[in-house]
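Undergrad: What follows is each chain in one-letter form.
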Amino acid sequence: MRSAERAAAEAARLAAARAKRAARAGAYDALFAPWTLSAAGFLVSIAFLFQPVLGLKALLFAAFLAAALASGKKVSLAATVFVSLGIVAANLLVPVGKVLWRLGPVLVTETALWDGVGKAVTFEGLVYVSKATIRPGLRLPGRFGSIVARAFVYYDRIIEYRGRLKPATLFEDADALMLAVWDDAEAPEAPPPEARPPRGALGYVLAAIAVAASYAALAAGILGR
Amino acid sequence: MMLSTPAPTKAPKAPESPEAAGRAEVRTGLVRPDKADVTALLGAFCFFLSAIEYMIPKPLPFMRLGIANLPILLAADLLPLPWFLVLALVKVVGMSVISGSLFSYIALFSLAGTLVAALVMWAAKRAGGRRISAVGVSVLGAVASNAVQVVLARAVVFGDAARLIAPVFLGMGLVTGALLGLFAERFTATSAWYARASGRSGA
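As you go down the protein sequences, you meet chains A and B in turn.
If you're matching positions, the first sequence starts at 1 in my numbering and goes up one per residue.
If you're matching positions, the second sequence starts at 1 in my numbering and goes up one per residue.
One chain only, chain A, in its complex shape (with noise of 0.2 Å):
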């Protein structure tokens, strides 16, 4: 009975927390149109990979992680730590520079540890600001943008399909669901852009002081050096 209560509890706290994260989403979405924001996204994105001061490059990756936060998209802190934590440990297998530590067999050494952090908060960094700034109604522009939002039609009538795929007829049901896919006597036509009203000043005014922001940090990490 507890372990049922519990199971409820625990499902009402992440049904709360996706209600959170649609409701942050939704506000996001109303101050940015999609373009703008992944072409701000390009060129923050530049100025971080370019950034040579690890301070500032950590001071922008906190602002990237807090952007994604505010987008609604999903966060793993635990996963970002994982993977960071791996690309300094198999920076750390090949010594570089003074030796810090031993931990065991492996010595720990100053360039190849700030060579792996560096890696790991430009990694993760990267992940974030794209996280915040490639919003899923995104359409690209021309032929190819077309073919892209087409696909997009199939794959949410995939998604839709409410056949069985199964082990022992894998194939003939993999068969069933490319022709059930295929087989409507409309080809799907890219979809017409969102109608959505129009954003205000304010999206824009925040997407050039991030911007902005981006370059001035990186002009004083180059002139800082």
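Hints were generated in silico from the structure; no laboratory data involved.
Beta carbons are placed, not taken as given, at the ideal position from N, Cα and C, and that holds for glycine.
The reader is advised that the hints may include incorrect statements.
Estimated spans, in silico, between C-beta atoms of each pair [what the hints assert, rightly or not]: (1) B:Asp34 to A:Glu160: 21 to 29 Å; (2) A:Pro136 to B:Pro82: 24 to 32 Å; (3) B:Pro82 to A:Arg24: 37 to 45 Å; (4) B:Ala192 to A:Lys20: 40 to 48 Å; (5) B:Arg163 to A:Leu103: 16 to 24 Å.
Keeping the supplied structure of chain A fixed, place chain B upon it in accordance with the hints.
TA: Using the frame of chain A, we list chain B on its own:
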């Protein structure tokens, strides 16, 4: 997708216009199918398989099993080279948009791995013809994809330590490539959809 409910029988809709009738002919194999349509459908399956792969725990985000390359393997016989490369790009861009990783190293690994795998599979298919099986094509593509990702990992993430993960990563490519190849071989031999998409069936 619901994997636990029985599949309802789906009544085909009647074509309502000459254009729709034309598309229906394509779908029943009376004329060769629209390449853009096949590309979009296979791209959608790349997204779907990628979403499944996303749920499988892995030590690093770019260390993938490569099951999302299955539609590309199937496309090697269905699409001419330009459309085949468009499919590879649709896969990378679409997956990056879905996962929100377009500006990250993950997208870079995906782009390099997918394009190299696609080109190697295409070349193997064209050079080998009937002498090379889907398993061979798939293994070559998977190993090439993983090899280029190890090179990238060395350059941007791991440094010299990348050589330590290389054997595991390349071995993984060998195994998953062989499994995907076996699946593709059986699927292409038995699939009614594949026969239609390749214009070989009037059914």
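Undergrad: Determine for every hint whether it applies to the structure shown.
TA: Hint check results:
1. Take Asp34 of chain B and Glu160 of chain A: their Cβ atoms lie about 22 Å apart, and the range 21 to 29 Å holds.
2. In this structure the hint that Pro136 of chain A and Pro82 of chain B lie 24 to 32 Å apart at CB holds, the actual value being about 28 Å.
3. For Pro82 of chain B and Arg24 of chain A, the hinted distance range of 37 to 45 Å is satisfied, since their beta carbons lie about 41 Å from each other.
4. Checked against the hint of 40 to 48 Å, the C-beta distance between Ala192 of chain B and Lys20 of chain A comes to roughly 46 Å, which is consistent with it.
5. Roughly 21 Å separates the CB atoms of Arg163 of chain B and Leu103 of chain A, a value that falls within the hinted 16 to 24 Å.
The earlier numbered hints are all upheld by this structure, with none contradicted.
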